[in-house]
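> Chain H is already provided as a structure; the job is to place chain X on it using the hints.
So the sequence lines, in the order shown, correspond to chains H and X. Heads up: the first sequence at position 86 corresponds to 86 in this note's numbering, and the numbers run straight through without jumps. To convert a position in the second sequence, counted from 1, into this note's numbering, add 433.
It is possible that part of the hints are untrue.
Partial list, derived from the structure: chain H residues whose beta carbon lies under 8 Å from chain X [stated by the list, open to error]:
hint : residue
1    : K140
2    : G215
3    : N219
4    : H299
5    : V311
6    : R338
It should be emphasised that the hints constitute simulated quantities derived from the structure, not laboratory data. Don't be surprised by glycine CBs; every beta carbon is placed ideally from N, CA and C.
Protein chains: 2
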Amino acid sequence: MKTIKIGILGLGTVGTGVARLIEEQRDLISAKLGAELDIVKIADLDIETDRGLTISSDRLTTDAYSVIDDPEIDIIVELIGGETFAKECFERAIAQGKHIVTANKALIASHGNDLFEKAAEKGVDIAFEASVAGCIPIIKTMRETLAGNTIHNLAGILNGTCNYILTKITTEGASFEDALAQAQESGFAEADPTLDIEGFDTAHKLAILNSLAYGMKINLDDIYVEGITQITLDDIRFADEFGYSIKLLAIGKMTNGAVEARVHPTMIPKTHLFASVNNSVNAVGVHGSATGDIFLVGHGAGMLPTASAVVSDLVDISRNLISGSGQRVPYLSFLSHRMNELSILPMDEVTCRYYVRFMAMDKPGVLSRISGIFGEYNISIRSVHQKDGGDECCVPLVMLTSIAREKDIQQALIDIEAMQLIKGKAALIRIEE
Amino acid sequence: MKTIKIGILGLGTVGTGVARLIEEQRDLISAKLGAELDIVKIADLDIETDRGLTISSDRLTTDAYSVIDDPEIDIIVELIGGETFAKECFERAIAQGKHIVTANKALIASHGNDLFEKAAEKGVDIAFEASVAGCIPIIKTMRETLAGNTIHNLAGILNGTCNYILTKITTEGASFEDALAQAQESGFAEADPTLDIEGFDTAHKLAILNSLAYGMKINLDDIYVEGITQITLDDIRFADEFGYSIKLLAIGKMTNGAVEARVHPTMIPKTHLFASVNNSVNAVGVHGSATGDIFLVGHGAGMLPTASAVVSDLVDISRNLISGSGQRVPYLSFLSHRMNELSILPMDEVTCRYYVRFMAMDKPGVLSRISGIFGEYNISIRSVHQKDGGDECCVPLVMLTSIAREKDIQQALIDIEAMQLIKGKAALIRIEE
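Chain H extracted, bound-state conformation:
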C-alpha cells in the first residue's frame, strides 16, 4: 500500500491531536484513502514532555527546517501559529515543493494572498479547513459545495471563547471577568485572551470566508472589528426582554457591489438558530442564491475537532497525490485570474437597526432632546424604554431604532453624549434579523 509521508511542525494541543488521530485511525483512514498516512518527523521546541504518543523519539526534532527539508516528506502540517516563524516555514516548504496543511488563520488572513501566489508557482497544494471554525467543513462547503451559487451573505459565531463568555453571562448572570476566568480554567481561552475577546481572531476567519465566498483577495485590514469587552449584563437582560440574544458575529454581506465585513456584538432574534448555539460551539450561516440559507454547527476549537479538520485536509491532499490531481480546487474558490475586484464597504455606510442605551438623568425633557438629535440625523426611533437600575444620578434609557446609517448614528451619539443630562458613553449594539 502506498504511504503518504507527513511532517508536523508544532506539537501543541492541535499537533498532538493530529498525531494521535493519525495513530489511532490508521486502519480507518487507509480503508477510505487506500494509502497510509505516516508521520515521518515532528518538530517542536519541547520534545521532552510525554504527550502519550507512540511515535518513536528519533522522529522528534527541535529543528523545524530539518522537517521541511526532508526529501522524503510529501506534506507539511504547520501548527506553529503566529505570523513570523510560521511564515518562514511556510515559504520554505513552498520553495521545497511541499504541500501544506495549516490551522493558522492569522497567517492566512494576513499573508494568504502572497503565499497562495507563491504556492501556485510551485504547484503546491495548501489546505486550511482547520483555520476557520474547527471541525465545521465551511471551507470545503464554500470552495466546493456552493460552486453554483452567488453568495449573498454569510455570518458566523467563529470564536468559542467569546461565545462561551456571552453564554455564561446570559445564562448564569456571571460578570465578564468571571466568565473569562472560567473560560481560561476550562482551557478555551488563552492566558492572553486579547485576540479572542477583542474580535481579532474572528476577523481573521471572516477575511478568509469573505475571500472564498465573494472571490475577492483576502482583505483583513478593512474589516471593522469590535470585541465583547463592553457588553454588560444589563444589556444582555434588556436584549432578552426585547426577544434578542447577543452574539459576537462575523458578518460578510454583499451590498451594492461592495462587501460589508464587520465583527461586532450583535443582537439576533432568540428564534434564530444562532441563538441556540451556546458555550464554545461555533456556527456559520451562508445564504446562497440557489441554496437559500445553510447552517453548519459544531466545535470550533479543541484538540480533536481541530485535528479532525487537519486530517481531512491531509486525506484530501493525499488523494490529489495518489491521483496526480494537484491544485484540483483553487485555493480561494476562484481561479486566481478570475477573482473579483471587490472592496469592503466603509463602516460609515453600513446600515442596520440599533440598540442604544444611555445613562440619563431622570428629568423632564431628556427624551425630547435625544429624539430631537436622532431626528436631525434622520434616525427613526422604533421604541423607547426607561429601565429600572442605574444609580442616584441616572437611569438606563434604551432605544431601538429603525434601519439607520452607521455614520449618522455615530454622529448622533457624539452629540447626545455631549449633553449634560447624559452620563458617560452610550452602549450601542447592532441588530440583525
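The following block gives chain X in isolation, referenced to the frame of chain H:
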C-alpha cells in the same frame, strides 16, 4: 477553455433547476472550475412545455437513450426518479462509460450496491449529493470531511413534507389532513404523499447515510420504518408540556457492533437544535469520534436547492475529468474491499425511553394494573399524567418510561390493550435526548 459536455435525463422541477443554474451561472462556474459546463442534450417525455430555458429546442429529445449513447457527452444527470426506467438508464450509462450525477435516493438505496460495483468495473464516477437532504452537503461531509472519524451515531430530519406537516400541527393546531393539504398546495408534498408521510423516503436516505457513515453495504430492507400518520394534536401538546418536540427522525446508531437503523416520530427536547428546524427545512446531526456533534441545516428539497447539489456534483466530476483523477473518493466512503460486515440491530433489541398514551376508563385500579404489567416486563415508569380531554368513556393517561427494550414495551402494550378498562390502541412515541 475546456468544455464538459452534459446530458440531462428528466426535465421536471429539479431538471429545469439544473438547466437554469448552469445557464445563469455559466461565468461563475467557469471562474471556479476553469471549464464550461455545456448541456448538450436533455431528454423528457414532455419537450413542448415552455420552462423558460434558453436552451435551443434541437437539444431536446424524448429519447433518453439518444442522450446516454451520445459519444460527445461526458456526464449524464439522471433526474427521472423511480427505480425502473431510471435503473435501465443508469446501467446503460455505466456500460457506455459515462459518469453519472443523480438525485435518485430510491434507486441508490435499493440498487446502489449493484450499481456501484458495475460503475467501479467501468471506472465511472457516480455522485449523489442531491439524493439526501437537498443542498445540505452531508454526502461530501461523510465521504471527505469525517475521514478521520469513527461515527458513533447520526440522526436527521430528512423529509420536508413530514417536517412541514408536523410544524403546522404544532404551531397552528392544524389537523393532519389540513396540514397535508397545505403541504400539497405549497408544492412540498406529492399528489400521492405515501412515500413521504409513511417514512419510506426518509428510510431511503438513512440507508445511504448509514452506508457512508459505517462503511456497510447499503441496507434498506432491514430499516424499521414508521410514518407520521398516527401523530395527533393531543400527543404534540402533551409532548410540549413535557418539554419535547415531535419530529420524524432517521436514526443510525452504532450499538454493540450492530447498527440501529430506524425511522419514526421521535420526541426530542425543545432545547435541542433539531427542535428549531421547522417547516420544510432539513437537518442532519453526526457524532464523530474526533469532531463530537456536527449539525448541518438547510433546504432538503425544492428546485434550486436540489439543483445546487447536482451542480456541485457536476463540478466535482468535472474536476476529476480535467485532472484525470476519476474515482478519487470511494462511492461509499470506504474502498469496496475494505467495507465492514455490519448488520442492522433487530428493532426488538433497540432500547430507548418511551412516551405512551392510553385511553383509559377513569376508574380506581387502572393505574395499578397498567403499572403492574409494565413491571412484569421490567419497564420502569418515570412519570404518569392523567390528562384532560377524552370522551364520556375514557381519559388520556400518559406515561413516560425509563430506558426500556422495544420488545418489552411492545409485549406490555399488547397485554395492556387487552384490558377491558383500556379503549383502542395505545399511542407510542420514542424519546431521544
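> Hints first: check each against the structure and report whether it holds.
Here is how each hint holds up against the structure:
| no. | hint | verdict |
| --- | --- | --- |
| 1 | K140 | holds (6 Å) |
| 2 | G215 | holds (7 Å) |
| 3 | N219 | violated (19 Å) |
| 4 | H299 | holds (5 Å) |
| 5 | V311 | holds (4 Å) |
| 6 | R338 | holds (4 Å) |
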